[in-house]
Amino acid sequence: AADASSVPPDRNRLTGRIRDASYLGVSTQYVIDSPACPELAVYEQNVARDARLAPGADVVLHWDPAHTFALDAAQDAEAGTGEEAL
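Reading the sequence shown from the start, the letters are residues 1 to 86 in the UniProt record's numbering.
What the hints contain is simulated information worked out from the structure, not anything from laboratory work.
Given the structure is predicted, the values throughout are model-derived calculations rather than measurements.
The beta-carbon is built from N, C-alpha and C at its ideal position, and this holds for glycine as well.
One thing to keep in mind: the hints can contain errors.
[Stated by the list, open to error] Simulated restraints, written as ranges between beta carbons of each label pair:
(1) A77 - R49: 17 to 23 Å
(2) A77 - A4: 29 to 35 Å
(3) Q75 - P8: 30 to 36 Å
(4) A36 - D72: 25 to 31 Å
(5) C37 - E78: 18 to 24 Å
(6) Q45 - L71: 22 to 28 Å
(7) A79 - Y43: 26 to 32 Å
(8) A73 - L14: 31 to 37 Å
(9) G56 - S27: 18 to 24 Å
(10) A77 - R52: 29 to 35 Å
Please construct the entire structure, taking both the sequences and the accompanying hints into account.
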């Protein structure tokens, strides 16, 4: 959506501010500071460049609720990273 007013009401949303943007080749990683989550990493595929998405910009992140899932806090946060103890 081009602005917050055009985000459909049935979507999940978070407001925040871009703290950092890093070009990673096929994607760009944005670090977002939000009242709901102090440091959130967002990845966007590099299809087109949007000059508005720069550090300091206020943003509204939104996504389809069907793409949301919960993680079990009791599970090992490092599982699958190759950093497990031998």
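Given the hint of 31 to 37 Å, is the C-beta distance from A73 to L14 inside that range or not?
violated (19 Å)
Looking only at beta-carbon atoms, does the pair Q75, P8 fall within the given range of 30 to 36 Å?
Distance hint for Q75, P8 holds at roughly 32 Å.
Pairwise beta carbon distance, Q45 to L71, judged against the given window 22 to 28 Å:
The hint (22 to 28 Å, Cβ to Cβ) holds, given that Q45 and L71 are roughly 23 Å apart.
For the range 29 to 35 Å, tell me whether the beta carbons of A77 and A4 fit it or not.
Between A77 and A4, where Cβ atoms are some 32 Å apart, the hint holds.
Range hint 18 to 24 Å: satisfied by the CB atoms of G56 and S27?
Taking Cβ atoms as reference, G56 and S27 lie about 21 Å apart, which means the hint holds.
With 18 to 24 Å as the target window, see if C37 and E78 comply at their CB atoms.
holds (20 Å)
Just tell me: holds or violated, for the beta carbon distance of A77 and R49 against 17 to 23 Å?
violated (33 Å)
Between the beta carbons of A79 and Y43, is the distance compatible with 26 to 32 Å?
With a Cβ separation near 20 Å, A79 and Y43 fall outside 26 to 32 Å, so the hint is violated.
Just to be sure I understand the hint, the distance between the Cβ atoms of A36 and D72 should be within 25 to 31 Å; is that true here?
violated (20 Å)
Starting from the hint 29 to 35 Å, judge whether the C-beta atoms of A77 and R52 obey it.
33 Å Cβ-Cβ, so the 29 to 35 Å window holds.
Of the numbered hints given earlier, the model fails hints 1, 4, 7, 8; all others are met.
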